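K.L.:
Read off the chains here:
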Amino acid sequence: MSPTFRRYILTKLAWYLVALLAAVTLNFFLPRLVPGNPVDALMARFLQGGAGASASKTYQAFITQFHLDRPLWGQFLAYLVNIFRGDLGQSFSLFPARVTTLIGQAVPWTIALQLPAILLGWILGNLLGALAAYKRGAFDRNLFVTALALSSIPYYALAIVLLYVLAVAIPVFPSAGGYSFGTFPQLSWSFFLDALHHYLLPFLSLLVIAIGGQAVGMRSMAIYELGSDYVNYATSLGVSDRRVLGYVFRNAMLPQITGLALSLGTLVGGALITEIVFSYPGVGTLLFNAINANDYPLIQGVTLIIIVAVLLANFLVDLAYGAIDPRIRAARSGER
Amino acid sequence: MIERPRSLTRLLAAFAALALVLAGTTVFAQTLPRNETLYIGGHQWGPPTNFNPLSSSPAWPVGGNGQMAINGAGYIYETLFLSNIINGGTEPALGHDMTWTTPTQLTVHLQPGTMWQDGQPLTSADVKFTFELGKDFSVSTSAVWDYLQSIDTPDASTVVFNLDPARPNPGVLERYVDTVYILPQHIWQAVADQGQQALLQYENFQPVGSGSFTVQSYNAEQIVLQRNDNYWGKDLYGLPTPKYVVHPIFKSNDAGNLALQQGQLDWSQQFVPNVWTMKNVGTWLSSEPYYIPGSIPMMLVNVQRKGLDNVLVRRALAYSINYPLIAQTAMSRYSEPAKSSLIIPTGVESQYFDAANVDEFGWSYDPAKAKDILENQLHAKKGSDGIYVLPDGTRLSFVAQTPYGWTDWMAALQVVAQSAKAVGIDVTTNFPQAPVDINDVQTGNFDLALFYISGVGPDAPWARFRDMMDNRSVPAMGQNAFWDYNRYSNPAVPALLDKAGAATTIAEKKAAYGELDKIFMQDVPGIPLMYRPLLFYEFNTSVWTNFPTADNPQGTSPQWYIDVLRDVKLK
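For the protein sequence lines, the chains are A and B, in the order given. Note that numbering that gives the first Met the number 0 has the first sequence beginning at 0, numbered continuously upward. Note that numbering that gives the first Met the number 0 has the second sequence beginning at 0, numbered continuously upward.
Honestly, the hints are just simulated from the structure, not real lab data. Every value quoted in this text rests on a predicted model; they were computed, and no experiment measured them. Don't take each hint at face value.
Claimed, not checked - No farther apart than 25 Å at their CA atoms in a straight line, the calculated lysine-lysine pairs in the BS3-like style are these:
(1) B:K278 <-> B:K568
(2) B:K134 <-> A:K56
(3) B:K127 <-> A:K56
(4) B:K498 <-> B:K508
(5) B:K368 <-> B:K305
(6) B:K305 <-> B:K380
Please build the complete structure, drawing on both the sequences and the hints.
P.N.:
Written out as structure tokens, the structure is:
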């Protein structure tokens with residue numbers, strides 16, 4: 000590793016630490032700026048059977064239990080210390096479950112649903128986009144219009160259409176859940192197939208949109224590259240289509256990598272609407288319900304994971320850029 | 000490009016084949032047998048985190064919606080008795096009989112042979128222990144100790160509840176006797192000894208109850224119960240028909256309703272729009288309003304706000320609202336048009352409902368009358384925007400709020416806004432997130448708020464009158480109140496409320512409620528908008544049949560009690 004590259008990495012690392020600290024602080028204060036108090040909603044549910052003179056005592060008991068009676072800076076310090084100990088606290092609305100347990104249950108589903116959809120969508124979309132730019136003509140027109148249409152459909156609309164057509168009108172797919180209700184998760188071939196059966200529709204609804212979006216972006220990039228001198232030169236030399244396409248692809252890829260990193264970073268936040276439409280397990284509904292209940296620890300826990308993932312993804316992209324493209328590394332470390 | 004369509008067709012064909020193959024695999028996956036499993040929905044929305052009935056968010060069937068012992072009584076834990084919302088009667092559960100030996104003393108005898116699921120006997124000591132948890136700690140049953148003084152256990156199967164003679168209220172005690180889950184002292188004593196925090200944190204993942212089911216498994220997707228074939232009351236009450244009961248945890252109402260329509264759910268507690276159009280799906284009543292009214296969503300009127308502090312303005316507003324339209328649209332015909340009374344006119348409370356009283360002092364949808372009050376009694380003038388302005392310059396413009404996502408409640412407020420505007424009162428709607436709205440309501444920070452008040456139960460409508468009209472122990476605006484949210488007060492109310500609470504005959508109660516209802520209608524601290532069932536009740540008969548209905552009641556009430564699971568039969 001050259002000294003410039005090491006300096007480049009260290010500077011980056013320092014910036015990311017500052018960003019992390021700022022995000023963690025916002026993470027604590029932003030949910031608390033929302034008017035209302037998590038205990039109010041809890042009490043309303045608690046007292047639905049009937050309130051008595053003891054209600055204010057119960058209210059105080061909850062305030063104490065959640066440490067909301069401590070001064071804000073004290074809560075903040077405790078929060079910082081606990082983060083470094085890996086303790087995200089207990090959820091208010093799903094008391095007494097630990098936030099780490101709740102997130103741990105949901106994250107595998109979210110990653111299993113989103114990671115393949117994003118990666119496959121990215122690869123297929125880029126290939127199709129580059130191909131369209133290169134082939135032009137009818138193929139390009141058809142593909143461009145289709146991709147544009149797909150990328151402009153809100154992903155929840157496609158999800159609802161898919162659900163209606165393939166789970167209600169022609170019920171070949173199940174309408175809800177990560178696996179059949181009344182079935183128990185286990186390491187077996189039959190359970191895997193059952194889970195796959197539930198997986199395909201939500202997966203497809205994300206994949207199709209991802210392909211469309213990537214193809215549109217890649218096509219414009221590739222058309223730009225195709226007009227460049229090196230392509231003309233290579234074509235005039237009689238280099239094969241495949242090879243030219245390979246060059247074009249690699250050059251048009253750079254901005255697409257940034258896009259990929261960002262979507263990989265945010266994917267742990269879950270695909271809320273997809274989860275709701277297909278009643279699919281995941282982080283999205285966990286976060287949504289936490290926000291609806293002012294459940295500070297759970298909101299903080301989920302957003303913390305999103306923050307870390309986004310920063311990490313960006314850092315990796317910076318590293319990759321530095322490694323792939325010497326121009327960037329040189330520019331950032333002050334060399335010309 | 001000829002290649003593309005061909006490969007696309009091939010891809011689609013492969014996809015369809017895969018779908019069909021996968022559709023067949025459910026048969027081979029290790030699944031509970033459908034003919035032994037009943038699927039229930041609509042009680043649990045988030046991951047189950049505890050089965051502790053004293054906690055703030057117990058999972059179904061120990062808590063579910065937070066309404067204790069309504070939607071899971073007898074499944075794992077049992078109550079002493081069950082209240083029947085159809086006829087107002089009391090049905091035995093752990094208790095054999097209850098008698099008021101004096102006006103302030105209730106004696107309960109337990110059924111012979113009551114036993115915990117671990118084989119230990121269930122005695123009067125367990126009952127005393129459970130109730131006294133509410134005295135020693137701040138838990139959801141604590142409110143009964145506002146009225147209860149002590150509990151005696153003369154022998155192992157007799158419990159004597161002594162009310163505070165200074166505040167006799169037999170109805171409230173009966174409500175708790177019907178809804179408190181009795182807990183085993185031999186398990187919970189050790190938890191209680193560790194104090195309040197430990198008690199609320201106790202997860203109780205393997206609950207030992209006395210009922211017909213045990214928890215077989217649970218995760219964020221479903222809760223599975225398994226029948227307890229050693230149930231102490233199997234000769235007395237019989238065992239449930241299904242061996243397993245599964246509650247899938249859906250992410251939305253729509254997903255649950257779709258599952259009900261497709262027959263994956265057998266029994267559901269959800270708002271289903273146009274339920275009469277669903278094939279194979281039945282409800283308690285076979286025609287409108289399909290459900291039993293159980294509560295009154297109440298538009299609280301903030302009597303402290305300028306404009307609304309004038310009772311004539313409140314009255315004009317009450318006359319302007321199109322109640323039949325709310326029942327038709329917002330409530331999907333599941334409600335009759337709301338009357339101006341705190342008493343539900345149909346069902347078990349009809350014995351207290353005084354139609355003449357309501358006709359004389361109440362209101363109904365009458366825009367002409369509303370205009371008449373505004374113009375001839377208040378001498379208000381219409382501004383250029385069509386909105387009335389009082390002689391003191393107050394423009395009649397208010398905000399009506401209810402939590403976002405309570406769809407039928409939101410729709411009801413939209414009707415209020417439309418019909419008030421048609422008369423000349425400007426009402427705009429506001430739908431904040433639930434915690435924000437609840438905070439506004441409790442601290443009194445609202446003009447008009449659609450909120451819930453006590454529903455049908457052994458002490459109804461007493462608790463509803465208390466919720467709307469009793470200003471005692473209510474903190475000032477800005478602090479959290481848990482009833483009388485608009486801080487309305489009337490000096491005549493407390494004495495009448497105590498009289499109604501202590502009354503022992505129907506006639507006495509009806510007279511006191513009539514007086515209170517009259518004050519309510521004269522002062523208009525709130526406007527009833529519609530009637531809602533306590534819990535929704537729909538069933539799909541493609542696998543299980545013989546669900547109790549009004550035509551086929553089988554002596555049970557449609558309250559999600561264990562009785563229904565004993566009545567169902569395999570198709």
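K.L.:
With reference to the structure, classify each hint as holding or not holding.
P.N.:
To see whether the hints hold, each was checked on the structure:
no., hint, verdict
1, B:K278 <-> B:K568, "holds (19 Å)"
2, B:K134 <-> A:K56, "holds (12 Å)"
3, B:K127 <-> A:K56, "holds (22 Å)"
4, B:K498 <-> B:K508, "holds (8 Å)"
5, B:K368 <-> B:K305, "holds (22 Å)"
6, B:K305 <-> B:K380, "holds (17 Å)"
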